[in-house]
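Protein chains in written order, with the numbering used here: chain A, 4 to 227; chain B, 18 to 195; chain C, 735 to 932.
Everything labelled a hint here was simulated from the structure, so no lab data went into it. A virtual CB, placed ideally from N, CA and C, is assigned to each residue, including glycine. It cannot be assumed that every hint is accurate.
Some chain A residues flagged as far from chain C (calculated, every beta-carbon gap over 10 Å) [as the list claims (entries may be wrong)]:
1) Met4
2) Asn50
3) Glu161
4) Glu182
In the DSSO-like style, the derived pairs of lysine-lysine whose C-alpha atoms are separated by at most 30 Å in a straight line are [said to hold, decoys possible]:
5) C:Lys868 with A:Lys115
6) B:Lys123 with C:Lys916
7) B:Lys21 with A:Lys72
8) C:Lys868 with B:Lys123
9) A:Lys103 with C:Lys868
10) C:Lys916 with A:Lys171
11) A:Lys72 with C:Lys868
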Amino acid sequence: MIEIKSVTLAYQDRVVLRDLSLGISERRIAIVGANGSGKSSFARLLNGLTLPTTGDVLVDGQNTRSHGKDIRQNVGFVFQNPDNQIVFPVVEEDLAFGMKNLGFPKDVITRKTDEILARYNMSDLREHPAHLLSGGQKQLLAISGVLVMEPDYIVLDEPTTLLDLRNKRRVTEVIQALEQTVILASHDLELLHDFDRVLVFDEGRIVADDVPAKAIPFYIDRMS
Amino acid sequence: MDTKSIVYIALFAALTAALGLMPPISFAGLALPPITAQSLGVMLAGSIAGARRGGLAMVLFVALVAVGLPLLAGGRGGLGVFAGASGGFLLAWPISAAVIGFLIGKSSGAGFLPMALKIGFGGIIVMYAVGIPWMALVAGLPLTKAFTIMLAYVPGDIVKVILATIVTRGIRRAYPNF
Amino acid sequence: MLDLYSPGTSPIHRMSPGAKILVMMLGGTGLFVFDSLPIACAAFVCVLALYPVAGLTAKQAWAQIRPLLWIFGIFFALQWWLSGLTVAAFVVIRLATLILLASLVTLTTRASDMIDTITRALGFLRPLGVNPAKIGLAISLALRFIPVLAQITREVREAQKTRGLERSVIATAMPMAIRTIKMADDISDAIESRGYRP
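Turn these sequences into a full structure, and let the hints steer you where they fit.
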């Protein structure tokens with residue numbers, strides 16, 4: 004369960020999120036909104052990358068202010084730009100990074116690397132240089148790098164926005180099959196029909212919070 | 018050292034390598050040596066990333082060249098580069114970047130000339146102070162003669178300093194909180 | 735990893751990087767201590783002879799020297815004028831020997847092995863506050879992003895071509911520097927999100 008308690012996020016010159024309070028316990032939550040509506044900032048609150056100016060964010064009872072590092076091990080984050088989240092030059096090194104940070108022993112790292120590469124049909128890419136991967140493969144690598152850390156939650160901030168259509172579809176399939184709680188910020192509204200809950204952001208506020216069947220038409224209407 | 022610093026160090030080393038890919042610019046025909054954009058990377062590392070991060074970025078870059086990666090303009094690299102006459106100049110890059118970063122500090126309000134002078138001091142004076150003695154040693158030449166040889170490079174280096182100043186001031190205008 | 739290493743299995747290839755560097759430094763220092771033309775010539779021949787021992791071709795040896803011929807020419811001419819033919823020959827032969835010796839190390843040693851040696855050696859500096867793990871991360875990040883920034887440089891120059899600006903250093907360096915700074919924020923966030931504790 005993620006709790007957002009009276010959270011406001013403000014920078015020197017502007018207020019990004021205004022007095023939000025809600026609890027998240029569904030399995031599939033979508034966040035939609037125009038660019039600048041605050042949805043990315045909201046996403047970053049959930050793993051403690053960004054701390055609220057006032058108010059608190061609690062993940063399974065832990066406050067992001069005090070337990071950020073622990074929370075980040077349990078709330079995986081996938082970013083929009085495929086390139087900037089692959090940290091190591093070779094695929095298997097990058098996959099190992101998160102696991103090494105968590106202190107997994109070597110044989111576990113090898114086993115989990117094998118498993119995740121096999122799951123996404125990327126076994127032959129094990130020793131591939133990262134910069135030769137396609138955008139879609141990079142995003143799958145990023146998602147894999149997060150999954151091997153065995154988080155309970157995964158937050159994805161527009162993971163398919165920079166991908167071409169075919170890669171978009173592939174990554175979307177992968178996201179839909181994830182077993183973890185998924186919080187997805189996206190512009191791809193068609194993907195969100197199966198979600199449990201959609202939060203519509205506008206100018207730092209949540210203007211709709213409902214099932215997709217209601218929230219998405221509301222959002223579309225508001226945008227036109 | 019925090020994560021952000023480690024990333025800056027790595028990226029400015031990588032940026033310097035990438036700048037080595039740009040073709041050299043000759044501006045005086047064959048009369049003067051051409052300028053490579055790569056030594057611009059040294060100046061920018063100091064002026065943008067700061068003394069510590071910029072200096073360490075150049076340590077990393079020089080180490081990667083030493084280790085055998087073809088990161089210098091023209092695809093050069095390896096220990097052979099250091100054995101040659103220009104080895105001293107390369108080894109001076111970290112010091113040069115650190116001095117530039119130190120002199121510029123946080124002063125975002127610097128006018129064009131003060132900043133150019135600071136970059137020039139680190140990028141030319143300090144660099145030559147290390148490079149020329151090394152060259153003199155390797156070539157068995159008196160310092161004065163080595164200095165005279167290097168005079169041909171000074172006009173190009175002054176152009177580089179001006180370019181680095183323009184880019185740095187442009188960045189600081191775009192990112193005032195940097 | 736793009737590497738100047740020339741693959742092989744010679745005894746020189748199999749020497750440890752540390753040993754090779756030590757020999758190189760001792761040899762180099764020796765050439766400066768014993769500055770006589772006969773010694774320099776002997777050293778030059780010895781080093782050159784090591785190239786076929788390492789399975790390297792004459793072409794590879796020549797490739798180390800050829801780009802520097804013009805500098806050799808300047809030094810030779812200057813020294814001939816200043817100190818005579820013997821000194822001129824000595825300086826050029828010594829320089830060539832040093833470069834060939836150093837290049838021999840690079841040609842017979844994988845960059846990754848050199849990096850391992852350095853990282854291990856730096857472990858001894860731990861009491862001074864040196865953190866080999868952070869250095870390792872910085873090295874990996876640099877290796878990861880060199881091709882990325884190289885590609886971005888190409889793209890920026892392509893874009894500038896349409897405006898006739900591909901030869902302008904500023905038109906390329908400014909956007910490159912901005913991209914680099916922006917990337918730093920993203921990459922930093924990604925690293926922290928993967929459980930890294932600095």
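- Does A:Met4 sit more than 10 Å from chain C, CB to CB? 20 Å, holds
- Item | Verdict on A:Glu182 as a residue remote from chain C, using beta-carbon distances over 10 Å | 19 Å, holds
- Message: Hint check: C:Lys868 vs B:Lys123, CA-CA at most 30 Å. Holds or violated?
- Response: Given pair C:Lys868, B:Lys123 holds - Cα atoms ~26 Å apart, limit 30 Å.
- Message: Tell me if the straight-line CA distance from B:Lys123 to C:Lys916 falls inside 30 Å.
- Response: Answer holds: B:Lys123 to C:Lys916 is near 19 Å, not above 30 Å.
- Task: Verify the proposed pairing of A:Lys72 with C:Lys868, using a straight-line Cα cut of 30 Å.
- Result: 18 Å, holds
- Message: Just to be careful, I want the Cα atoms of C:Lys916 and A:Lys171 compared with a cutoff of 30 Å; is the pair within it?
- Response: 24 Å, holds
- Task: Below or equal to 30 Å on CA atoms is what counts here, so check C:Lys868 against A:Lys115.
- Result: Between C:Lys868 and A:Lys115 the Cα gap is close to 24 Å, so the pair holds against 30 Å.
- Message: Hinted pair, alpha-carbon criterion (30 Å max): A:Lys103, C:Lys868. Please report holds or violated.
- Response: Cα-Cα ~13 Å, so holds.
- Query: Is the straight-line distance between the alpha-carbon of B:Lys21 and that of A:Lys72 30 Å or less?
  - Reply: With a Cα-Cα distance of about 16 Å, the restraint between B:Lys21 and A:Lys72 holds, given a limit of 30 Å.
- Message: So A:Asn50 supposedly isn't at the interface. Is its beta-carbon more than 10 Å from every beta-carbon in chain C?
- Response: At about 6 Å from chain C, A:Asn50 fails to clear the 10 Å cut-off, so the statement is violated.
- Taking the minimum C-beta separation from A:Glu161 to chain C, is that value above 10 Å? With a cut-off of 10 Å, A:Glu161 remains clear of chain C, as the shortest Cβ separation is near 13 Å.
Consistency with the previously given hints fails for number 2 only.
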